Each structure stands twice: as structure tokens, then as C-alpha cells.
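Taken in order, these protein sequences are the chains called A and B.
In terms of my numbering, the first sequence opens at residue 3 and continues consecutively.
In terms of my numbering, the second sequence opens at residue 3 and continues consecutively.
Hints listed in this document are in silico derivations from the structure and should not be mistaken for laboratory results.
Every clue listed holds true.
It does not matter which identical chain is meant; a pair holds if it fits inside one copy or across any two.
Cross-link-like lysine-lysine pairs, in silico, DSS-like; alpha carbons within 25 Å at most: (1) K336 - K206; (2) K227 - K406; (3) K310 - K344; (4) K180 - K161; (5) K227 - K161; (6) K227 - K180; (7) K344 - K404; (8) K227 - K336; (9) K336 - K209; (10) K227 - K150; (11) K227 - K344; (12) K417 - K390; (13) K8 - K180; (14) K195 - K161; (15) K314 - K344; (16) K340 - K209; (17) K298 - K288; (18) K8 - K161.
As the structure is a computational prediction, the values presented were derived from the model and not from experiment.
2 protein chains.
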Amino acid sequence: MSSNFKPKNYQPLEVSTIKNFIENSDKIKNIIGDTKEIEIKEVGDGNLNLVFFVESKKNSICIKQPLPYLRVLKDWPLTLKRSYYESEYMNIHSNHVADLMPKIYDFDPELCTITMEKLSPHIIMRHGLINATKYENFAEDISTFMAKTLFFTSDLYLKADQKKELNSRFIMNTELCKITEDLIFTDPYMYNKNNRWTTPHLDKQKKEIENNDDLKIAVSRLKIKFMSESQSLLHGDLHTGSIMVSENDTKVIDPEFAFYGPMGFDVGALLANLLMNFFSQNGHEKNSGERKEFKKWILNLINMIWIKFENKFCNLWDEYPEGDGYPRQLFNNKQIIKREQKNYLQNIYNDSIGFAGAKIIRRIFGFAHNIDFDWIKDDKMRAICENKCANLGIEMQINPSKFKDISSLIEAAIKLDNDSISF
Amino acid sequence: MSSNFKPKNYQPLEVSTIKNFIENSDKIKNIIGDTKEIEIKEVGDGNLNLVFFVESKKNSICIKQPLPYLRVLKDWPLTLKRSYYESEYMNIHSNHVADLMPKIYDFDPELCTITMEKLSPHIIMRHGLINATKYENFAEDISTFMAKTLFFTSDLYLKADQKKELNSRFIMNTELCKITEDLIFTDPYMYNKNNRWTTPHLDKQKKEIENNDDLKIAVSRLKIKFMSESQSLLHGDLHTGSIMVSENDTKVIDPEFAFYGPMGFDVGALLANLLMNFFSQNGHEKNSGERKEFKKWILNLINMIWIKFENKFCNLWDEYPEGDGYPRQLFNNKQIIKREQKNYLQNIYNDSIGFAGAKIIRRIFGFAHNIDFDWIKDDKMRAICENKCANLGIEMQINPSKFKDISSLIEAAIKLDNDSISF
Numbered sequence: 003m004s005s006n007f008k009p010k011n012y013q014p015l016e017v018s019t020i021k022n023f024i025e026n027s028d029k030i031k032n033i034i035g036d037t038k039e040i041e042i043k044e045v046g047d048g049n050l051n052l053v054f055f056v057e058s059k060k061n062s063i064c065i066k067q068p069l070p071y072l073r074v075l076k077d078w079p080l081t082l083k084r085s086y087y088e089s090e091y092m093n094i095h096s097n098h099v100a101d102l103m104p105k106i107y108d109f110d111p112e113l114c115t116i117t118m119e120k121l122s123p124h125i126i127m128r129h130g131l132i133n134a135t136k137y138e139n140f141a142e143d144i145s146t147f148m149a150k151t152l153f154f155t156s157d158l159y160l161k162a163d164q165k166k167e168l169n170s171r172f173i174m175n176t177e178l179c180k181i182t183e184d185l186i187f188t189d190p191y192m193y194n195k196n197n198r199w200t201t202p203h204l205d206k207q208k209k210e211i212e213n214n215d216d217l218k219i220a221v222s223r224l225k226i227k228f229m230s231e232s233q234s235l236l237h238g239d240l241h242t243g244s245i246m247v248s249e250n251d252t253k254v255i256d257p258e259f260a261f262y263g264p265m266g267f268d269v270g271a272l273l274a275n276l277l278m279n280f281f282s283q284n285g286h287e288k289n290s291g292e293r294k295e296f297k298k299w300i301l302n303l304i305n306m307i308w309i310k311f312e313n314k315f316c317n318l319w320d321e322y323p324e325g326d327g328y329p330r331q332l333f334n335n336k337q338i339i340k341r342e343q344k345n346y347l348q349n350i351y352n353d354s355i356g357f358a359g360a361k362i363i364r365r366i367f368g369f370a371h372n373i374d375f376d377w378i379k380d381d382k383m384r385a386i387c388e389n390k391c392a393n394l395g396i397e398m399q400i401n402p403s404k405f406k407d408i409s410s411l412i413e414a415a416i417k418l419d420n421d422s423i424s425f
Numbered sequence: 003m004s005s006n007f008k009p010k011n012y013q014p015l016e017v018s019t020i021k022n023f024i025e026n027s028d029k030i031k032n033i034i035g036d037t038k039e040i041e042i043k044e045v046g047d048g049n050l051n052l053v054f055f056v057e058s059k060k061n062s063i064c065i066k067q068p069l070p071y072l073r074v075l076k077d078w079p080l081t082l083k084r085s086y087y088e089s090e091y092m093n094i095h096s097n098h099v100a101d102l103m104p105k106i107y108d109f110d111p112e113l114c115t116i117t118m119e120k121l122s123p124h125i126i127m128r129h130g131l132i133n134a135t136k137y138e139n140f141a142e143d144i145s146t147f148m149a150k151t152l153f154f155t156s157d158l159y160l161k162a163d164q165k166k167e168l169n170s171r172f173i174m175n176t177e178l179c180k181i182t183e184d185l186i187f188t189d190p191y192m193y194n195k196n197n198r199w200t201t202p203h204l205d206k207q208k209k210e211i212e213n214n215d216d217l218k219i220a221v222s223r224l225k226i227k228f229m230s231e232s233q234s235l236l237h238g239d240l241h242t243g244s245i246m247v248s249e250n251d252t253k254v255i256d257p258e259f260a261f262y263g264p265m266g267f268d269v270g271a272l273l274a275n276l277l278m279n280f281f282s283q284n285g286h287e288k289n290s291g292e293r294k295e296f297k298k299w300i301l302n303l304i305n306m307i308w309i310k311f312e313n314k315f316c317n318l319w320d321e322y323p324e325g326d327g328y329p330r331q332l333f334n335n336k337q338i339i340k341r342e343q344k345n346y347l348q349n350i351y352n353d354s355i356g357f358a359g360a361k362i363i364r365r366i367f368g369f370a371h372n373i374d375f376d377w378i379k380d381d382k383m384r385a386i387c388e389n390k391c392a393n394l395g396i397e398m399q400i401n402p403s404k405f406k407d408i409s410s411l412i413e414a415a416i417k418l419d420n421d422s423i424s425f
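If we strip away everything but chain A, and leave its shape as in the complex, we get (with noise of 0.2 Å):
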């Protein structure tokens, strides 16, 4: 279940072994048809994993097979497992939001492969932010995503036992695990090799985290509740570059971090980057001003994700109340179970906020960064634009009371980025 975890036939695929992968598997060929004037690409954006994309003229397939160590950093190995953990939280999610997550044809558990349909005419959904493009069903979409995963995987659906079983899948997923644990919960607060950030503007910002202590201790609280708030099962790692969108469709891709976790990690996830992309929006005008109704769009697009997903959740609970969390012969009081769903709700919303202001702090001096922020070119204009958002992540981290509910979020949003700072 580690790095060492090689499947004996394993080795990376290339553009000229793809044909003969597809003809020794009777699923794919079926998908594909005749291989004889099939067009191969390799897509992948070359981080952790390669990626073909197969066009016969039958079917589009795409191929996505993980690599033994991190592309960027070859000294940095990490686990083929990874595909394993991927292919079952697409397996298991599939039973609710199948229709939110790209089909799958095949898993391989020799060569890791996991081969599923390609999405088109999708694109990451993080570029077309970055282009101020609006995705209307969005909000729609990505609350159910969230709502369905975290509930039915839960205590609030599940008996224990099913519960435990589905942990037990994912428990030594540690390698992945460990990645979120260090570049999100540690790194940034301390001198590391590889952190980087808008430098010289945020050197003064980035020694003021390393000396903030109440910052330490509240990212320490928030690493060990990762670590031991076993909610549900999460995607781990539910930002904009892991969503595909088109003008009216939304697909959730690249679960490899998946694991049993607390759920305001996967829906913090979300906020923080969509926040991100909010504070990047200045840097990416041509004309002043220009960008000023994508922005509120962006503000309001918060507001609805969090405010229908809490209604999904609490409409799935009243639905599905057969977990063993709240066993169902305790509460034959229905308004004392609308009580508590508010509380519950309400914690969730709270790890979110945690949660959220950690991503964005790991994005602007952790090592991965957000391409929201880096591919503004002005380094000033950037370092503006990053340190109001990191503001923002480090007082969601201190004083999450502040934040109390989604309004008082984009409020404070909103005053900061009208802040004036200058470098």
C-alpha cells in the first residue's frame, strides 16, 4: 500500500504502446471499435499522472495512468495505489452522483490505468474563471456533488459496520494523505525549500505566518482534525482545477486523494478556491472596472453553493434517515432532528471556514500554487491581489467566529478586496 506498491507488469504507457493496450481489453475495444485509424494524444498537464486522449470513430476515450513519483520533483515518489483509491471513490460515489463524475470503462489494476470517457467540449473549470466565464448550473451541480458524497457516505445515512468497511478502503491512502498534511497544514508556516511566493512584496506577510502563533496552533487544530475526523468520504482535493465544466454541464475529476475525513475539508476546498479566483479577478482586467460583474457573480456563486448545499444535506437527512448517527426510533420528533440538523449544519460550516482559510494560505506561500493568481504577469499587481486573499485565509483561520454565516463570509470578502494596499 506504499511507494513500494508496484504491480509486477506495471510501466508508464506511450503514445505507441496506447493501440495495443486498447486491443488487449475487451471493455475498451468495445468503447473504441476498430483501432485501425485511431488518433493518440498525450494530455496530461505532466504533475502526477500521464494522460492520453483515444479518438476512434466510434467513441473518445480518456486513459489516465499515474507515475511511480511527482513529474515536477523526480526524487518525490509516490504510490500507483493512488489509481486504486481513485477508481474506488468513483465506484462508490457512482451509486448518487454518477452523472457528475466522468463514466468509467475500465480500472487496471496492473498498469493503473483507469480509462473513462472524455469530456467534451469541457475544460477545467478553473480557466474558464480565470476568463471570467460564467457556468450558470454551477451552483446547481456542485451542491449535490457535495451534498450526496458527504451524506450518504456518513454516519447520518450508513449503519456503523458499512462505515467502517468503506474507512477501512481508503484508511492507507497515508501517502496522499501526507502530501495535504505537509504542503497544506505545515510547510507554509515555516521555512521550506520549496515554498515560493510573490517575492519581495509578501516576504514581510510570509515572516509574519512563521511568527503568527495563533495562526500555528489553529492550522495545527485543523491538520489533526484531518487526521482524525473520520466523517466521510471525501474527495480531497475539490478545488477548480479538480472540476470539468461546459456551459451547462459540471464533471468532479481526480479523486486519487480520496479518504475518510471531516467533511468542511472537501466543501472549504471549494470556497477557498472560488475565493482565490475572486481576489485574482483584478489582476486579470484589461480595462479597470472591466471585471467588476464576474466578480459579484463569482460572490454570489459562493453564496448559493453553501445555502443550497445546506438544504440538499438536511433534505437528503430528512429523506434517508436510517444511519446509525441519529438512530431513527430515538427521534419520533421531527422538530428536534430540524434543530439538530441546524447544529450540524452549522459545524460543518465552521470546519469550512478553517478549512478554506488554510487552502488559500498553502496556494499563495505553500509549494503548488493557483494559476488564478500566477498567471497575472505584473508581480505587484499579483502580490495585491494575493496577500488581501491571504488577509482573508489567515483570519478564517484565528477567528472563524467572525465569518458566522455565508453572508458575513462575502462581506468580508468584499471589504478587503476594496482595501488599498500598495507595494
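The hints should help you fit chain B onto chain A, whose structure is shown.
Using the frame of chain A, we list chain B on its own:
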């Protein structure tokens, strides 16, 4: 890993087959020596396991073997796998508290037997306390046991992957966990044919419990915490019937309920059982008032256990700060960690109060009772003792903030004990 788990060669041992069993194991034979003149006694209290004492000229051993069902309810199947969890728990914790558990000589995965040292002149602590025997080393011993077992398997000491690996060994102990989930957190709060209580005296209180929505919400939150918070490798059943004592020695036994859960569950189990013993004392008096001084001793014991536990736990944290939870690279300011220790221990304490409350209610209104109360022959007297104690157990669950520290808990116990109640 379920009830279906039954090794091919499993069969219950009998006095007549023990000699053969010993002859087949070099390890055990080595301990026992010549088997010609051994004495064999079956001494199990008969609920879950067979227990044999074997005495030779050279040595005395105890052989514990699980039965595939609860003896008192033959239609209640129970996995034999529990002996694996028990021996795993003892192996893991013997790194730190070997002297506070019996020595294990052998675990036989086919017969599911655990062969260990026969403790002598130890008795079950509950019996001693019912007879008003004081154990002056107990606070010292049990606080060490809890501090070490809980600290050394937590995120404060372990690397994240080490902890996940340990957790994975116990996560499928679902059947024993289910006993806890049902018998402690659910059944006592509703009608269940296995519930019993001192009737008719406590009929009214039982009804009140079933109709107390705040209490049912409180116990369900505790249940969810039990099912989803993987803080440390718990004993899972740490009551005074799972502890053997001599005048100066303490041994913890029977960790078959072991699993990764919230630390407060173990601490709370102990506190609850000591509180129940306190409230039962009036019922064991032959002359009114004769147990007054012992009752003071018990309350002082509770106080000492918590204070010592708190100190020892923090000292371990100071001494071994190598866990991934609060990484030492982030915290060179020791004062910050000191402050965080207070917060962390307060959280364990709060959890302990809640879990102790739930443990009290299950022993007075659920399926399995304590002999502390059950051996009070006079129904009315027993009902008075139980009623007062149950009032505390309810309050600890719904108003835990009333018991902000261990002295407030003790004051509350004294106050309730002085209430004049009659039936």
C-alpha cells in the same frame, strides 16, 4: 473479520482437553514445565469467554478463549476475532505499560486462545471497591496507564502514517463496537426488550429518559463522536471489572473492545464506574454511616486520577513532541504549547464527562448492569442509589458545562448523594 470468522480448527477447550493444548505448544510448555501434576479450573464468569486457570509446580497460567456467541444469549453471535484484537492491543501497548497488564505468553490464532500470566493475589477491582477496600497505588497506576496508552497512540506522538496503520488493524472490530453503539448509546433511551431497571421505583425516570429530547440528542452526539473520532487506540471497556488489583498492584485486562476512538471514552468509562461505586456505597452499609470515610476516599480517588492523568499526559507531550499533530518545527515557543495543552486536556475532560454520563445511564437502565448496584439486595435502597446516580449521568450529558473541572464534578456528586429521595 465478522461473526463468520471461524478458524478451521477452532473448538472450545474443556478441562479435559487443556493438557493436550499445553503439550502442543512449546512456548506454553516451557512456562508450565511438567504437565503430569497440573491443576485445571474453569473460572470464567461465563458471559463472553472461557477462562481456565492452570497450575503446575513451576507456574500458573490463565487461558482465555472466546466463544462464538454471548453465553447468556446464545442467539447473539459474537466474532471470535475479538481475541485477535485483544492480543494486538496488548502487544502494541506493552511497549509502554507492560507492567500494568498481564504478561502474554501465547496467542493461538486457530483456537483464538490467549495464554497469559495468572494474576495472584489479584481480584477484580469492582469486588474490592464493593467491600470498601482501598487501593492506595491505584490513582498512580491507572493515570499512568491511561496517559501512556492514549498519548503514545495519538497524533501527538505518532507520525500520521504510523497512526493510520495502527488504526487499520482495529477498524474492522465492528461487532464489538456495535455492542457499545447499541447498548450504551441507543437502547437505554428507548424501549428494548433487553433493558432492565429497578422496577417499579425507576419506571418514572426511565420514561423521562425516553422523553428527554435534549438527552437523546446529547447521547447521539456522543455516539457520533465514538463512531468517527480516531484519537487514540482505546481499551474500549475500561471499567472496574476490567481491572485486577492487589494491595499494591494494578493490571488492566480484557481489551477486546479495542479500537481507535476518542480518548474521553476510556477516561469516562473509569470515572463513571468509580462514581457508580460511590453512589452504591450506602446500599452496602450494614450500619448507617459506616462507609462515610470510604466514600470520601473514592471521591478523592476520582480527583487524583484526573489530576495525575492530566499532568502525566502533558509531561509525555513535553518529553516526546515528535508526532505530526503539532509539529515541533512550528513551535519553538514552549509557552504556546503549554497553553495548547490546557485546551487539549480540557477537550478530553469535556468528552470524558459526556461519555461517563452515558456509561452511567446504560448500567442503570440498559442491558448489562454493575454488581455495585445489583448486589444491593433491598430494591428500594438500590433504587435510591441508582436514581441519584442516574440524575448525575443525565446532567453530565445535557449540561456538561456544569462540570467545568473535576472538583465541580465531585461537588455535584456529593450534593446529589445528600438529596433525600424516597420511593
